[in-house]
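My numbering puts the first residue of the sequence shown at 340, with every later residue one more than the last.
Certain hints may be false.
As the list claims (entries may be wrong) - Taking CB as the label site, the calculated pair distances span:
(1) Q454 x A539: 28 to 34 Å
(2) G447 x T390: 40 to 46 Å
(3) E520 x M467: 18 to 24 Å
(4) P423 x G373: 44 to 50 Å
(5) M470 x P490: 27 to 33 Å
(6) W519 x R382: 32 to 38 Å
(7) R465 x T390: 21 to 27 Å
(8) R501 x D523: 30 to 36 Å
These are computed hints drawn from the structure, not numbers from a lab.
None of the values given here were measured: they were computed from a predicted structure.
All C-beta atoms in this analysis are idealised placements derived from N, C-alpha and C, irrespective of residue type, glycine included.
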Amino acid sequence: MPDAEPGLRERKRRATRLAIQQAALRIATEDGLGAVTVDEISRRADVSPRTFFNYFPNKEQAILGDDPRLPDDDALQVFVDGGPDGDLLADIGALLVHSTVELIEERGLIGERQQVLRANPELFSRRMESMKEFQAEIQSAVSRRLESADPELARDPDALRRRARLASIVALAALRHAWWEWSDSEAGSHLVDELRRAFAELGVLVSRSLV
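Kindly produce the complete structure, drawing on both the sequences and the hints.
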């Protein structure tokens, strides 16, 4: 289960953000990307254009939704310092929980968003670029942790880069798996729960000899 329920103000903020995304996707699905404007999104979401820009910088980002980002607070430093559990994969999972807990979890958006991305390759490319940037963020955090924990590895930049990149790619694969499990589930599961489950299963896999 999620660690804590958001307060009233946070629920209102998330509801507004969700309404803006729903409006943007609905316009793009029904009328095409060319019909999507900030004014029309705002009208359908029942917000002012000024409010729209409090949530998204442009109409494209409203369609694409929230990009995952690593936390920029104490959680990231805890990870770099070797915590919270001392297990690299488990700790990457804990770090990603901080990143995904803010994402709007509305299954109804997934199908519409995929439809819009398939019809508009430029948006699909933009989404892929944002995921590439997220992978680079994870790789950088892992590299800092490995460099601090293993002085010998720190003296071999190529080996450090390869190991950090591999860990970041594996982490994104687990995140994608969790997203698929969550979007396919009919039991009302929470994305954070699916992410924790995915990393627990990944830990089981790497701790055993596979036959």
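Going back to the hint list, which numbers does this structure go against?
-> 2
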